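Q: Residue numbers (the working numbering), protein chains in the order written: chain C, 1 to 353; chain U, 1001 to 1416.
The hints are simulated quantities; they were obtained by calculation from the structure and are not laboratory data.
You can trust all of the hints, since none of them are fake.
Pairs of lysine-lysine residues, derived as DSSO-like cross-links and limited to a Cα-Cα distance of at most 27 Å, are as follows: (1) K116/C <-> K1410/U; (2) K1078/U <-> K95/C; (3) K1286/U <-> K1371/U; (4) K1059/U <-> K1113/U; (5) K1299/U <-> K1310/U; (6) K1362/U <-> K1310/U; (7) K1371/U <-> K95/C; (8) K1299/U <-> K95/C; (9) K1371/U <-> K103/C; (10) K1410/U <-> K110/C; (11) K1078/U <-> K1108/U; (12) K95/C <-> K1410/U; (13) K110/C <-> K1371/U; (14) K110/C <-> K1210/U; (15) K95/C <-> K1108/U; (16) K1175/U <-> K1231/U; (17) K1410/U <-> K103/C; (18) K1299/U <-> K1314/U; (19) K116/C <-> K103/C.
Predicted model only: the values in this text are computed from it and were never measured.
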Amino acid sequence: MSGIVDGLSGFLERLHVDEGLRPILSLVIILAIVFGLIGAGLWGALRARWISRNTAAFWLFVSPWIVGFVIFTGGPMVYSLVLSFMDWDLIDPAKFTGLANYKEALSDPKLGQAIKVTLTYAVVSVPLQTLLSLGVALLMNVRVRGVNVFRTIWYLPSLVTGVAQAVLFIWVFHPSYGLVNGLLRLFGVDGPKWLFDAGWALPAVILMSLWTVGGNMIIYLAGLQDVPKNLYEAAEIDGAGRWHSLWHITLPQVSPVIFFNVVTGLIGAMQTFTQGYVVTHNGGGPSDSLLFYVLYLYQNAFSFFQMGYASALAWILFAMIMVLTALVFRGSAFWVYYESQRPKERRRRVHVS
Amino acid sequence: MHRKALAAVTAASFLALAACSSESGDGAASAGTTTISYAFWGTTDEAATMKAMIAAFEKANPTIKVEPNWIQSDYEQKLQTSIAGGGAPTVAEISDTSLPSFANAFQKVEVDKSVYYSPAVQRAGTFGGADYAVPFVAKSKVMAISKDAFDKAGVAVPSGATPMTTADFVAAAKKLTSGSGPKKVYGSAPLWYDGWLIAEGGSYYSADGKQCTMGNPDGIRAAQTVVDAVKTGGFAPNQADAQGQDMFQWLADGKVAMLPDFGPWNIAKIAALDTSKFLIVPLPGKGEPMEVDSLGIAKDANEAETAAAKTFTKFMSSTPDAQNLLATTKSALGIPVIQGSLDAFKSIAPKVNLQAFIDAVKNAVTTPAVKDKVRIESAFSGDLNSRTAIGSGTEDPAVVLPQLQAECQKLLDAAQ
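The whole structure should be built from the sequences, with the hints applied where relevant.
A: Encoded structure:
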């Protein structure tokens, strides 16, 4: 690929095209050729009456996504799968090693620690985020004067995420100069060392994850506002109190939204990287207490230059996320309510299969 | 219409294929000019220094154009991925510690070792008995002290030429420590274990690079000193207190009396202070390991690029025009590696004894080149920090270090 780009770049140089424009023009030319070939192929198939106009239109319109997927997702995935059976340091030629990387993973104590840290984080932070964001959404759904101001205040922290959030919390949790221990000192409490203490580092990062509940709150709020009012009116006539309405109407009605947030939250938590990387300076924290799975994968790929092993770790993570997501999907039959499907029927289907 | 479109696509395809099959313009002579790319790391000021050196080269060699590729962070990761992706820079800056991992990406080069005044610099571009890179800058370490603090504590100011013993350093640091709470003055900034290991006469590996040796008595003594320094009532701020703090500023503000691990990047900063109040002295004991950065030429560079790259590396490593620019009052990339530029270097801050940096280059202890060094030392350092009070642990270094040495040996054997 780089040979083609280099060739095009040289060609544009001979046409005296400005140096800064050559890379982007090379890409445009390649894309034009790819889509031109797709268009020409479809046109030929249409002329030969192999496909209908509708089918040709479908493939034409879907082709940008397919090309993007093949180049930027599917291709690299296949490549990483191949690499997972190789030993490659990026400089010397790759050597085929069969299942050696997967065998190494089975006996790697650091990988065990990384899985433990990541699963603990996912299992604790996702339910906490769900409870907090749903609770806040319920409060923000109350019609009182100025509620929009409160909604904005709750949402604002979600705009400070990633590296900025991690850097901010390094200072918030600083044992000597941090905000948290400063507040605790006002009450005569000598706070823990947080990110410097193997026992407190992960809880600190879990607390950090609650900073962005405003994003999920907005989704819950939208779900809550979609709950039909007539259900509450009917419940009120039947004598249901607030608690019964919440338990029997609100939660079942927003359960698909909770399900969505839990699934995406779980997948996101399993892929946690930035917090671990920034907070520990790519180290893993005290006693590897913040050695998240993806951080360890990154270290193997880009610090230890074991690209084959890192690829194997990526595929193991992919399998783990698939299994966890499948379990959550299976479990959803017992608690997610869809108006178009009765939970009992779905539960029966789970048991039958 | 359709026919025209098809014809246009076909024409574009042939055009692109023709472009691909024809010779690339990379580095090729354009009106007699050869273009090479040069990758390097550094801060904004250091990049400005490097660009000034490039400008001096282009002025002296108008037929060669150097495209700077300043990589601000994660240099080695980005360099390695660019090599893997077939886009290796023609010339890349590389440290002596990273050379073993990158040697196979570079051409073998001829290095004129007679231009260097330091034996450590002469060896810096060598791996496996062959030269793969041309050394051009040394980054030796010294210690900065506050003369005021020594005078106030009644402690004799250390010699600018002869290193203190490590025991004398500890004794002085204790005497220089005073006060408590926010007003506490520390005798020293925190000690860096890897550096103190060398100061105490130890090392990570044996001279042949085949044995891990950090669990020897020297290593244990070094770890014990680092731990004792940050104990309650110790002479250095602990990890939590020092985190995110600029220790140079603490020295300038009188909060620490000695700043070991003082590298060239601080030269411009100390030159800007009242230089009569500060002094640079050699690090205690055997000093700290020195980094030497060299220039490697990409294996896949063509003939013209290789010739231009050789001219460039020679200019950067052996001419006063380039070497005099390495350190100025605005920014210091490192210490010149040729004798002819040392007077210019010392003139940046004549009162603070920059000669100590030069002595450290001459007397530097070099560590053997080891493959998989980053992985081995990362594992060691992580465990040492987790288990002992050098980091967040509580275990006795005398127990931990021999165990970690055994772990290190396993990884070293696997790498070899």
